[in-house]
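A.B. asks: Here the sequence shown stands for residues 23 to 174, numbered as in the numbering used here.
Incorrect hints may appear among the rest.
Lysine-lysine pairs mimicking DSS-like chemistry, simulated, CA-CA at most 25 Å apart [said to hold, decoys possible]: (1) K54 to K34; (2) K45 to K132; (3) K93 to K141; (4) K34 to K93; (5) K93 to K132; (6) K141 to K122; (7) K132 to K34; (8) K132 to K122; (9) K66 to K45; (10) K53 to K66; (11) K54 to K66; (12) K141 to K127; (13) K45 to K34; (14) K93 to K122; (15) K93 to K66; (16) K34 to K53; (17) K34 to K66.
Label pairs and their in silico Cβ distance ranges [what the hints assert, rightly or not]: (18) A161 to A59: 22 to 28 Å; (19) D146 to K93: 27 to 33 Å; (20) Q40 to Q85: 18 to 24 Å; (21) S149 to A59: 31 to 37 Å; (22) A169 to K127: 21 to 27 Å; (23) A169 to R50: 19 to 25 Å.
To be clear, the hints were calculated from the coordinates, so they are not data collected in a lab. As the structure is a prediction and not an experimental result, all values here were calculated from the model. Glycine is no exception: its CB is placed at the ideal position from the N, C-alpha and C atoms.
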Amino acid sequence: SSGINAEYGGLKLVALLQQLAGKPIGARLTKKPRIRAQKLENVKICFDFMNREGIEMVNIDNQDVADGNMKLILGMVWHLILHYQIATGFEDDGGKGGPKNRIIKWVNSKINPWGQEIKNLGPDWNSGTILACLVNALAPGLVPDSALIPLL
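Can you build the whole structure from these sequences, using the hints too?
C.D. replies: Encoded structure:
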């Protein structure tokens, strides 16, 4: 399989979830998945964890992640960001600036070390650079350094 998690059998998603949630995923994983069924089971464990955390995923399942459906995976990552980072960050600002401005401000606070800045939630995301910086800011090491070197 050529999916984003195919090589790691869902273990990168596990690492991201544990980093964002600040706690272990609480299930027995296959640490070195070799066959597709083991990889799918690891990703399913991630979905079960997200469900317990109150994150409802719609129109995506473990096969989509294992197969590398980037559109659905990016939607899933966005839901994770909303749940773990943005929602908690908004509790402190008294609701100033409206949701879009607060999201832009939050993203900019995370991607600033790479000299990046967004002004909108549309075209500024097209290259994938902003997403790479954001993922690396939230879970250092998940984005290969080679993807970030041009920004340093």
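A.B. asks: Work down the list of hints and note, for each, if the structure agrees.
C.D. replies: Hint check:
{"no.": "1", "hint": "K54 to K34", "result": "holds (12 Å)"}
{"no.": "2", "hint": "K45 to K132", "result": "holds (21 Å)"}
{"no.": "3", "hint": "K93 to K141", "result": "holds (22 Å)"}
{"no.": "4", "hint": "K34 to K93", "result": "holds (17 Å)"}
{"no.": "5", "hint": "K93 to K132", "result": "holds (22 Å)"}
{"no.": "6", "hint": "K141 to K122", "result": "holds (10 Å)"}
{"no.": "7", "hint": "K132 to K34", "result": "holds (20 Å)"}
{"no.": "8", "hint": "K132 to K122", "result": "holds (16 Å)"}
{"no.": "9", "hint": "K66 to K45", "result": "holds (18 Å)"}
{"no.": "10", "hint": "K53 to K66", "result": "holds (14 Å)"}
{"no.": "11", "hint": "K54 to K66", "result": "holds (16 Å)"}
{"no.": "12", "hint": "K141 to K127", "result": "holds (9 Å)"}
{"no.": "13", "hint": "K45 to K34", "result": "holds (15 Å)"}
{"no.": "14", "hint": "K93 to K122", "result": "holds (21 Å)"}
{"no.": "15", "hint": "K93 to K66", "result": "holds (18 Å)"}
{"no.": "16", "hint": "K34 to K53", "result": "holds (11 Å)"}
{"no.": "17", "hint": "K34 to K66", "result": "holds (13 Å)"}
{"no.": "18", "hint": "A161 to A59: 22 to 28 Å", "result": "holds (26 Å)"}
{"no.": "19", "hint": "D146 to K93: 27 to 33 Å", "result": "violated (18 Å)"}
{"no.": "20", "hint": "Q40 to Q85: 18 to 24 Å", "result": "holds (22 Å)"}
{"no.": "21", "hint": "S149 to A59: 31 to 37 Å", "result": "holds (36 Å)"}
{"no.": "22", "hint": "A169 to K127: 21 to 27 Å", "result": "holds (24 Å)"}
{"no.": "23", "hint": "A169 to R50: 19 to 25 Å", "result": "violated (32 Å)"}
Violated hints for the displayed structure, listed by number in ascending order: 19 and 23.
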